[in-house]
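4 protein chains.
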Amino acid sequence: MNALRDFVAERDWAQFHTPENLAKSISIEAAELLELFQWSEPSNVNDVKDELADVLTYCLLMADRMGFDFEGIIREKLQKTESKYPVETSKGKSVKYDRL
Amino acid sequence: MNALRDFVAERDWAQFHTPENLAKSISIEAAELLELFQWSEPSNVNDVKDELADVLTYCLLMADRMGFDFEGIIREKLQKTESKYPVETSKGKSVKYDRL
Amino acid sequence: MNALRDFVAERDWAQFHTPENLAKSISIEAAELLELFQWSEPSNVNDVKDELADVLTYCLLMADRMGFDFEGIIREKLQKTESKYPVETSKGKSVKYDRL
Amino acid sequence: MNALRDFVAERDWAQFHTPENLAKSISIEAAELLELFQWSEPSNVNDVKDELADVLTYCLLMADRMGFDFEGIIREKLQKTESKYPVETSKGKSVKYDRL
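Residue numbers (our numbering), protein chains in the order written: chain A, 1 to 100; chain B, 1 to 100; chain C, 1 to 100; chain D, 1 to 100.
Since the hints were derived computationally from the structure, they do not count as laboratory data. No residue lacks a Cβ here, since even glycine has one placed at the ideal position from N, Cα and C. Mixed in with the good hints there might be a few duds.
Derived Cβ-Cβ restraints for the label pairs, each shown as a range [to be verified]:
{"hint": "1", "chain 1": "B", "residue 1": "A9", "chain 2": "D", "residue 2": "A14", "range": "36 to 44 Å"}
{"hint": "2", "chain 1": "C", "residue 1": "L78", "chain 2": "D", "residue 2": "K80", "range": "24 to 32 Å"}
{"hint": "3", "chain 1": "C", "residue 1": "R5", "chain 2": "D", "residue 2": "A14", "range": "33 to 41 Å"}
{"hint": "4", "chain 1": "C", "residue 1": "K93", "chain 2": "D", "residue 2": "R65", "range": "15 to 23 Å"}
{"hint": "5", "chain 1": "D", "residue 1": "N2", "chain 2": "C", "residue 2": "M1", "range": "16 to 24 Å"}
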């Protein structure tokens with residue numbers, strides 16, 4: 001996180017990193033990751049690394065910008081998801097909780 | 001990461017978590033985050049927390065599935081981005097590296 | 001539509017155009033359009049033309065592949081949306097129908 | 001197009017339909033279409049109809065807002081794509097033009 005903050009500060013880029021612009025950026029990078037799987041499996045695993053890192057980077061920048069602890073919000077959401085998808089009813093199924 | 005792995009294992013969901021399905025999931029969750037900014041600023045910061053956590057969760061699951069160290073790939077990509085965007089030429093600008 | 005069908009047939013590309021691959025392609029092209037608005041307004045209106053045309057093209061190919069009449073499905077959906085958003089309650093508001 | 005314009009005008013929604021908001025909306029709806037293919041094939045073809053119609057609707061609204069003729073931009077882009085992907089080299093292949 002500190003390395004990312006330094007990177008942004010040195011370039012004076014925080015001015016562009018509004019929550020909305022970061023939300024757009026996450027969607028844009030997510031689609032570049034998806035593009036590797038558009039017609040077939042990716043031919044180069046390093047491309048997956050790079051694109052996944054881009055999504056993660058913007059997610060961390062957004063968490064930081066919003067004042068969220070990124071590990072904390074993952075844990076909190078996991079607890080919510082656990083109660084929405086009890087093991088007994090959701091095991092081995094890919095359906096949404098409202099159809100369980 | 002261990003909490004996420006347990007969550008998936010208990011529900012026998014690894015079978016659905018192919019790299020391609022995770023790439024789709026990251027795009028889908030990224031768009032749910034973007035939806036909070038569709039017409040105006042989000043009215044509830046907790047919604048941002050939840051949706052950002054969803055994107056992060058699928059990113060971590062994908063990193064794990066691909067055998068990537070998630071901190072490692074962010075650092076590696078940051079180094080590449082640093083050399084693409086030297087401080088001198090990119091400071092205060094939001095243009096792509098090929099237009100710097 | 002005929003010009004698009006010929007283009008695909010000549011290249012023997014229908015084999016790649018499964019509904020799932022077209023759904024991914026629509027998301028990918030939609031993000032390329034969004035990228036023009038990532039940090040500021042697009043500098044070149046022709047880029048918007050090209051990217052919007054890409055989204056539309058994959059939408060038409062998907063409609064054709066699924067056997068949908070593209071004008072028909074837009075009309076049908078418009079009727080549904082009209083009843084979800086009555087003029088009296090939704091006029092001048094950007095909130096979702098479940099909050100009207 | 002006229003039916004769409006009336007729908008928007010009656011609700012006084014043109015104020016929300018900036019090009020940027022429409023670009024976000026297209027990405028958001030594209031992801032809802034993709035969600036039907038997240039873990040398996042869609043169980044209900046009518047869902048595909050509705051979500052594809054949503055993407056198309058926002059595309060037409062954007063074309064209209066930008067002053068584009070939607071058929072015209074599809075044709076123009078098709079011509080560009082035809083010259084990027086000559087039949088001889090691209091037949092039966094799903095690789096990008098820069099790798100042909």
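For each hint, the structure was consulted:
1. B:A9 <-> D:A14: 36 to 44 Å: violated, 51 Å
2. C:L78 <-> D:K80: 24 to 32 Å: holds, 31 Å
3. C:R5 <-> D:A14: 33 to 41 Å: Distance hint for C:R5, D:A14 holds at roughly 35 Å.
4. C:K93 <-> D:R65: 15 to 23 Å: Holds: the Cβ-Cβ distance is about 19 Å, inside 15 to 23 Å.
5. D:N2 <-> C:M1: 16 to 24 Å: With Cβ atoms ~21 Å apart, the hint holds.
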